[in-house]
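There are 2 protein chains.
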Amino acid sequence: MKPVQLQPTSLKSTLFDLATYLRQRQELVEAALDTSMPILYPEKLYEAMRYSLLAGGKRLRPILCIASCELVGGTLEMAMPTACALEMIHTMSLIHDDLPAMDNDDYRRGKLTNHKVFGERIAILAGDALWAYAFEWIASQTQGVPAEQILPVVAQVGRAIGAAGLVGGQVADLEAEGKTDTSVEALHFIHTHKTGALLEASVVSGAILAAASEIQLEHLSRYAQNIGLAFQIMDDILDITATDQELGKTAGKDLKVQKATYPSLWGLEESRYQAKQLITAAKDELELFGDQALPLLSLADFIVNRRS
Amino acid sequence: MKPVQLQPTSLKSTLFDLATYLRQRQELVEAALDTSMPILYPEKLYEAMRYSLLAGGKRLRPILCIASCELVGGTLEMAMPTACALEMIHTMSLIHDDLPAMDNDDYRRGKLTNHKVFGERIAILAGDALWAYAFEWIASQTQGVPAEQILPVVAQVGRAIGAAGLVGGQVADLEAEGKTDTSVEALHFIHTHKTGALLEASVVSGAILAAASEIQLEHLSRYAQNIGLAFQIMDDILDITATDQELGKTAGKDLKVQKATYPSLWGLEESRYQAKQLITAAKDELELFGDQALPLLSLADFIVNRRS
Numbered sequence: 001m002k003p004v005q006l007q008p009t010s011l012k013s014t015l016f017d018l019a020t021y022l023r024q025r026q027e028l029v030e031a032a033l034d035t036s037m038p039i040l041y042p043e044k045l046y047e048a049m050r051y052s053l054l055a056g057g058k059r060l061r062p063i064l065c066i067a068s069c070e071l072v073g074g075t076l077e078m079a080m081p082t083a084c085a086l087e088m089i090h091t092m093s094l095i096h097d098d099l100p101a102m103d104n105d106d107y108r109r110g111k112l113t114n115h116k117v118f119g120e121r122i123a124i125l126a127g128d129a130l131w132a133y134a135f136e137w138i139a140s141q142t143q144g145v146p147a148e149q150i151l152p153v154v155a156q157v158g159r160a161i162g163a164a165g166l167v168g169g170q171v172a173d174l175e176a177e178g179k180t181d182t183s184v185e186a187l188h189f190i191h192t193h194k195t196g197a198l199l200e201a202s203v204v205s206g207a208i209l210a211a212a213s214e215i216q217l218e219h220l221s222r223y224a225q226n227i228g229l230a231f232q233i234m235d236d237i238l239d240i241t242a243t244d245q246e247l248g249k250t251a252g253k254d255l256k257v258q259k260a261t262y263p264s265l266w267g268l269e270e271s272r273y274q275a276k277q278l279i280t281a282a283k284d285e286l287e288l289f290g291d292q293a294l295p296l297l298s299l300a301d302f303i304v305n306r307r308s
Numbered sequence: 309m310k311p312v313q314l315q316p317t318s319l320k321s322t323l324f325d326l327a328t329y330l331r332q333r334q335e336l337v338e339a340a341l342d343t344s345m346p347i348l349y350p351e352k353l354y355e356a357m358r359y360s361l362l363a364g365g366k367r368l369r370p371i372l373c374i375a376s377c378e379l380v381g382g383t384l385e386m387a388m389p390t391a392c393a394l395e396m397i398h399t400m401s402l403i404h405d406d407l408p409a410m411d412n413d414d415y416r417r418g419k420l421t422n423h424k425v426f427g428e429r430i431a432i433l434a435g436d437a438l439w440a441y442a443f444e445w446i447a448s449q450t451q452g453v454p455a456e457q458i459l460p461v462v463a464q465v466g467r468a469i470g471a472a473g474l475v476g477g478q479v480a481d482l483e484a485e486g487k488t489d490t491s492v493e494a495l496h497f498i499h500t501h502k503t504g505a506l507l508e509a510s511v512v513s514g515a516i517l518a519a520a521s522e523i524q525l526e527h528l529s530r531y532a533q534n535i536g537l538a539f540q541i542m543d544d545i546l547d548i549t550a551t552d553q554e555l556g557k558t559a560g561k562d563l564k565v566q567k568a569t570y571p572s573l574w575g576l577e578e579s580r581y582q583a584k585q586l587i588t589a590a591k592d593e594l595e596l597f598g599d600q601a602l603p604l605l606s607l608a609d610f611i612v613n614r615r616s
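Quick note, the sequences are listed as chains Y and R, same order. Quick note on the numbering used here: the first sequence kicks off at 1 and runs consecutively. Quick note on the numbering used here: the second sequence kicks off at 309 and runs consecutively.
One or more hints might be untrue.
In silico DSS-like links for lysine-lysine, alpha-carbon gap of 25 Å or less [said to hold, decoys possible]:
1. Y:K44 / R:K487
2. R:K567 / R:K584
3. Y:K253 / Y:K111
4. Y:K276 / Y:K58
5. Y:K179 / R:K352
6. Y:K44 / R:K567
7. Y:K259 / R:K352
8. R:K424 / R:K366
Derived Cβ-Cβ restraints for the label pairs, each shown as a range [unchecked claim]:
9. Y:Y41 / R:S521: 30 to 36 Å
10. R:P346 / Y:A186: 19 to 25 Å
11. R:L348 / Y:P152: 18 to 24 Å
The set of hints was computed from the structure by calculation and includes no laboratory data. No residue lacks a Cβ here, since even glycine has one placed at the ideal position from N, Cα and C.
Bound conformation, chain Y alone:
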């Protein structure tokens, strides 16, 4: 795993060792993901699921879920099955995104894409199975949380990744491809759905599991919406400024397919400024939590300062 590059932008964040926090959480999530996915018959299917699920990555969604759960007074154990499910879902969306019929990508997280290794049929089915498993995992593995708090998590996650969320954003993205007149509003729709909805569900589901109040959920939702958009702006910036090796996938793809991005609409400087503004707004939403919010505050900084 690459070392976390940390450039804290606020004094508060310097008091918190995000690098250690992230490494520890990543290790716990890796172990839980590893345990969640045995290899049974038919082995090729499980191997394909494990191949992409355990291919590294920042594990940002699980970590947001856990941090949010702990912030509201819950425990890591309460959040872990949902945290793993969020990564299963994210992994599945990458597998299907990379398919020949979709973005036709050869590399992801520095490794060959799933269909390059296992073939297109298995890649489609491994994605499908990961998605089903995510819901099974939340419903069957969550311990120490009343069923009335787990059920809205299932609903929230389901909504975040379907037509009203991730998949809807992907379709809007496909439809915008090759168009030269994409507006900022259209780009916002794409990204608040394609990336934002699952990030928001990650934060909100952790809080729901810990029985957060309505007001806490509202603030955490807005925090997540802001970091979600900042995350996507940074993705667009990194696609231009980072190398293939840094990203672990093909850089410069957006330019090649003439895709509308924030830098293409705003320029690099303004895009960086907007991302930073969103991070400031995100952090403002956490004021009611005091110092308890240090992990989420630092994660917000991390998103705008990351190099991959």
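Start from chain Y and add chain R according to the hints.
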């Protein structure tokens, strides 16, 4: 919708008007499915989802779920969101099954397949979105059932369609293609997973929603396993004996791709006999329910006597 062809094989079943029962239930399910799926932005995605979801079909899984819920003392209303979710899931599995990378089919339920109308990308994503929506729908729409009874339904359905169920069966099926030495055991594995698991989940989930006892669940599970296998044997028989028009899809496909089927291993006569034996065994499991079980008893007969 084609009229239901009814050939009751037992005296008991003749006392029950299955044709009317099925028609009434089908109409209710159609209406609920129609309401469940609005058309929002991006329209093409929702249209693709609706196209396949509302393309007719027997609606066997929703009807089994409702019948099982009512048998144990629950209501149609308690079961309907799960019933709809089961049909969303079944529809999704057909969309992905028909993809160019999979079976590459042009027709399904007498209409062009999803990717033939909407293109491969949208077909993949419409399937993904249907699957997510199914879980959202169960978790957000089920009324009058305690959360502790809804959560195991989510787990049961998730398990039934992932690597341990439907998708696992599909992969085993792909791996058996072109092989001339497939055993009856291997064929059983394929079908108990590819078709059987979701049929079983349909019956069992309905009963769980109605707070069935462990003993009731065990009998209903075995009923469902038996009708599931009989259903698949009949599918194999119909692939040989029925026309394209009767099936609404390409007949004779198994022979063409040299796929192992029950008739290819057992012959037609023995396959018919085995299917009937399984139906008898299925019906025996329902003895403890008395006459309340007439719908499920008749549905068992229907499966072995259907013409499409």
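Verification of the supplied hints:
no.	hint	result
1	Y:K44 / R:K487	holds (17 Å)
2	R:K567 / R:K584	holds (23 Å)
3	Y:K253 / Y:K111	holds (17 Å)
4	Y:K276 / Y:K58	holds (20 Å)
5	Y:K179 / R:K352	holds (17 Å)
6	Y:K44 / R:K567	holds (20 Å)
7	Y:K259 / R:K352	holds (20 Å)
8	R:K424 / R:K366	holds (22 Å)
9	Y:Y41 / R:S521: 30 to 36 Å	holds (32 Å)
10	R:P346 / Y:A186: 19 to 25 Å	holds (21 Å)
11	R:L348 / Y:P152: 18 to 24 Å	holds (22 Å)
Consistency with the previously given hints is maintained throughout, with no hint failing.
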